[in-house]
Amino acid sequence: MNKFLLLTTVMLNTVLLSSCFKEYKGRINIDGSSSVYPLTEAVAEDFRKENSDIRITVGVSGTGGGFKKFLRGETDISNASRPISTHELELSRKNGIEFIEIPVSYDGMAIVVSPKNSFVDYITVAELKKMWSPESQNKVKFWKQVRSSWPNTKLNLYGAGTSSGTYDYFTEAINGKPKASRGDYTASEDDNVLVQGVSSDASGLGYFGLAYFTENKDKLRLVPVKYNEHAEAVIPNDSTVQHGIYQPLSRPEFIYVNAKAADKPYVQEFIKFYLEQAGKLSREVGYIPLPEEVYKLSYERFTKRITGSVFENKSVVGSNLLQLLSIDNK
Amino acid sequence: MPKTRYRKEKIIEWVMILCSMVSVLTTIGIILVLSVDTVQFFKEVPFARFITDNQWTPLFEEKHFGILPLLCGTLLTTTIAVSVAVPMGITIAVYLNEYASKNVTAIIKPLLEVLAGIPTVIYGFFALQIVTPVLQTIIPGLAGFNALSPGLIMGVMIIPYITSLSEDALRAVPNSLREASYGLGANRFQTAFRVIVPAANSGIVVSVILAISRALGETMIVAIAAGQQPRLTFNPLESVETITTYIVQVSMGDVPQDSLEYRTIFAAGITLFVFTFLLNNISFWIRKHYLQRYE
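Line by line, the protein sequences give chains A and B.
The first sequence maps to residues 41 to 370 in my numbering.
The second sequence maps to residues 2 to 296 in my numbering.
Excised from the complex, chain B in its bound form (with noise of 0.2 Å):
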């Protein structure tokens, strides 16, 4: 009998371990065919001319590489949303651990999970649709596709995300602290900002490093509502190409496979992978060094 059960304990160990490795082995699956195609494109264009160059046009007759403009659009539509969704998300979620009663926040927690659930292709047209439409009104030069409508859209998907890390991080925070600053006459607003926050610090700024990437990596978005010229622009009006929506693009028309043209996706891609994979391990290196010192 024991021995059966014994049998049973490693069966069911091995098929953890199996499941683990189909994640671990999917990562270092895209890593090998990002890098394969990756240094297949730069034995063919230095790499000094893809991180100098100011124009992205391989497609064309005339062909650049530079990366820049591309890497401008994804930024640029990547700060806004940034900035609209670390604002609202910690306001939010100070509110919620703060202030909010328990039914409401019965309420506003699940209702923020659902935009959390909301498909990204819908988040595009709306962006699209509506609005663009609205900000026209507003700001006249507008263009039809541009950087700043998908970016606050893409803001508003990413609040959920910091919401509610954030407010996991100011739980953690011991009642001591709480009552500690209101045992020295705070008021209730100086307690959460100048108080809990600050404590909280590293959870809020994990939370926020993870919605940056990604914001990053979003893709139907912006591809459905920033345009497809790679510009290199600050200009929020503007109509940019993202990363990610370049891959969509060559990924969709009928660039010939096993072409200059087709991998310039993978060195793309790859440089978007950096990006992503420095911010996620900046996060884990802070959540690692800074979670335990209040506690």
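Next up, chain A with everything else stripped away, as it sits in the complex (with noise of 0.2 Å):
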């Protein structure tokens, strides 16, 4: 019985083992952006379906992390959602590391209050860097310290705890310097707290990505945005983030490719495959799509093997891609 029971446990294990050693005809590794993570990885699930003998990992290491693995070569894809640094590219000159950049999807930052706040009709930029730059730390504490029309009842912050990249990028885009906020609020990586926190609180106010607005349409109403005292408020839907309209909230998403990587067959058809696909796929993750050209254009860029990023030396606040890419593709 004892031999009989020790004889399957050896087969069991051999046929286990040489399953995990599989041979693949390639092995794509990515890693990154946490809020890229869910669009790549949606595309590289479709992709594995058609194509079982490729492999295909994707990591969470956060912009910044999964940029220091493919600047080290450990990486083929890089899941960014914001453009490769100034260092990070001095970095790639110095390693002989050169990269396609593209931009796979837009994710606009939904700024919330919740459905119980009946005085915030609209926001500009400026009181929203009041309400959050580090200097307001202790001090701004009242929503009538933003406006004097608003009540003098306490204002409590929500919003993107700091090593995600919607931190990164809306302290960029409202405080003028990435990281730079204000630490008196309730930080959290988990939107769901921030959804709960907001929705529950009558003097509250948060921001984090559109996708967990949309899915909490219910429970929270989405404050529109002026860029400043007389522009119109604009409320972040398809075509205000899309058509550049939202400003400065809306953010474009990117893969950074490896150019040697990039002349793999295989890397190549999964880039065909992934420009082809993220237009659905994103609305799916509950990002918005780029618009159709951006597509094209950006595989006529990867085809065309043109290396570097359009972003060098340029914020991506408030950029047009459509028009960056057509003049960069010449």
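Just so you know, these hints were derived from the structure itself, not from any lab.
Quick reminder that beta carbons are idealized off the backbone N, C-alpha and C, glycines included.
Hints should not be assumed to be uniformly reliable.
Facing chain B, from chain A, some residues (calculated, C-beta under 10 Å) [said to hold, decoys possible]: (1) 113; (2) 114; (3) 178; (4) 180; (5) 198; (6) 202; (7) 223; (8) 225; (9) 227; (10) 348; (11) 352.
25 Å max Cα-Cα, derived BS3-like pairs, lysine-lysine [to be verified]: (12) A:179 - B:64; (13) A:89 - A:108; (14) A:217 - A:169; (15) A:217 - B:64; (16) A:170 - B:64; (17) A:219 - A:170; (18) A:169 - B:9; (19) A:219 - B:289.
Could you fit the two chains together into a complex? Lean on the hints.
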């Protein structure tokens, strides 16, 4: 009996192990931003269905962490919720890593209050800055301090945690410097915590990715944002985000492809598949697709092997992708 | 024959020693791990800043390392919990011991023990989804995350700790005292609260202290319902962050290990550990010095 058991175990192990060491035709290592992850993973999942002999792994170490690996040549593709930074560009030149930059979708940031809040009709970027800047810490505590017509009730803030790309983008767009923010607010990487907090707090205000607002529409109220006092108040939706009207709180998300990896046929196939599916899948995972032309231009960029970043020395805040890409592709 | 028996006895003894060593070694291991990183932490952050700064923002650009806001959140929720649990817990214990008939005790006691068996994550959601909205209808200014609601629920959670330990203490009071009290013409209420409770004082105090240290270390309830905003306040209507919540927050996010930010959780952890350690020792000391006074 015992011998029989031993034999089966050995046999089972061999079967299991051999399946672990299954020969793949190719491997694609992807890592980076947690906010691009859902999209890339959705694309990879669909891709695997048709190409089971290609092994794709998608990691989540944040945009910065992803670039670190990418610039050491450890990954083929890096997910990024912001363009590559000047410092990272320098590193890429030093390490001789060339890359192709491909925008894949838009993410809008929603400014939300509780449905019980009746006095906030819109908010300007300057007012947002007054609420969120590091100088406001322990000073700006009441709504009235932000706009004199608002009541003198407590201001409770809810926002992204410090390790998320949303935090980096929001602080840059509103406070002018990435990671510059007051610290006395409810900070969480888990957007559901923020949804719960704002929805149950009549004097709360929060920000997070538009996808989470869409999922919790009935519990929250979206606040239109004015670029300045004279501009029109804009509600984030497909069209305002795609056309760059919802500013400065919409951002493109990218994948960066290692130029050497781009020579491999299965990587080419994957990128082609990615750009074909990105529009449809962005919507499925809660993001906003780029205009069709941008996907075309991006694919052109990839096939022509145009390396480097269109955002070198440019801020992504307020940028128009279509314009940038069509100039750069020529 | 006696030899094998002797050997068997030895083996059994060793197994027992090993078992108790596991817990002792785990404790030593925890203390070591905590201290190594805490020492590292205090090399970078002066201890004076740690205990005097009134802001806690280690994850932000402008870093402050004042433990006071976190400590304040922890003490606030614990105070609320204890002020619910102590009167309720002792009253229940007195009722079960002095008033209730055997049949009633047989029903209530197991029910109380069920309270202790509810997973704390469920208490947390109960506080967030039911208690907070109900409280909001009574107190309009109450924030969605606040210290009050998890504090109250935590109080309910620790009632069984106080009740069962206090009941043991009450039962240990010799019947002669009870009889003497009745003999002097005292009624049941006077006997219970003027004679029996004071006589069982040391045991009750121990139960309260253990309940306090349980509340200090409670994590899930406050992590879910109290919010994540370190704030130096004793206002129970606002959201606070406790030490335990902060540790959860950092361990779940992607704060790089082996960084100053990561080490803050060890410094925070050891602060909590010092508190519960002191409380446990005080309760141990009280038990040792006062328990036999009335026997």
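Status of the residue 202 of chain A interface restraint (C-beta, 10 Å, chain B): Nearest chain B Cβ about 4 Å off; hint holds.
25 Å Cα cutoff - pair residue 170 of chain A, residue 64 of chain B: 20 Å, holds
25 Å Cα cutoff - pair residue 219 of chain A, residue 170 of chain A: This hinted pair holds, its Cα atoms lying about 16 Å apart.
Per-residue hint verdict: residue 348 of chain A, partner chain B, C-beta under 10 Å: With Cβ-Cβ at 28 Å, over 10 Å, it is violated.
25 Å Cα cutoff - pair residue 219 of chain A, residue 289 of chain B: 54 Å, violated
Hinted pair residue 217 of chain A and residue 64 of chain B, Cα distance within 25 Å: Satisfied, since the Cα-Cα distance of roughly 16 Å is no more than 25 Å.
Interface restraint verdict for residue 114 of chain A against chain B (beta-carbon cut-off 10 Å): Violated, because the Cβ-Cβ distance from residue 114 of chain A to chain B comes to roughly 17 Å (cut-off 10 Å).
Pair hint outcome, residue 89 of chain A versus residue 108 of chain A [Cα-Cα no greater than 25 Å]: Violated, at about 30 Å.
Restraint check, 10 Å cut-off on beta carbons, for residue 198 of chain A near chain B: 9 Å, holds
Restraint status (C-alpha distance of residue 169 of chain A to residue 9 of chain B at most 25 Å): 75 Å, violated
Proposed interface contact between residue 352 of chain A and chain B, which counts if any beta carbon pair is under 10 Å: 24 Å, violated
Status of the residue 225 of chain A interface restraint (C-beta, 10 Å, chain B): 6 Å, holds
Going through the hint list in order, the structure does not satisfy hints 1, 2, 4, 10, 11, 13, 18 and 19.
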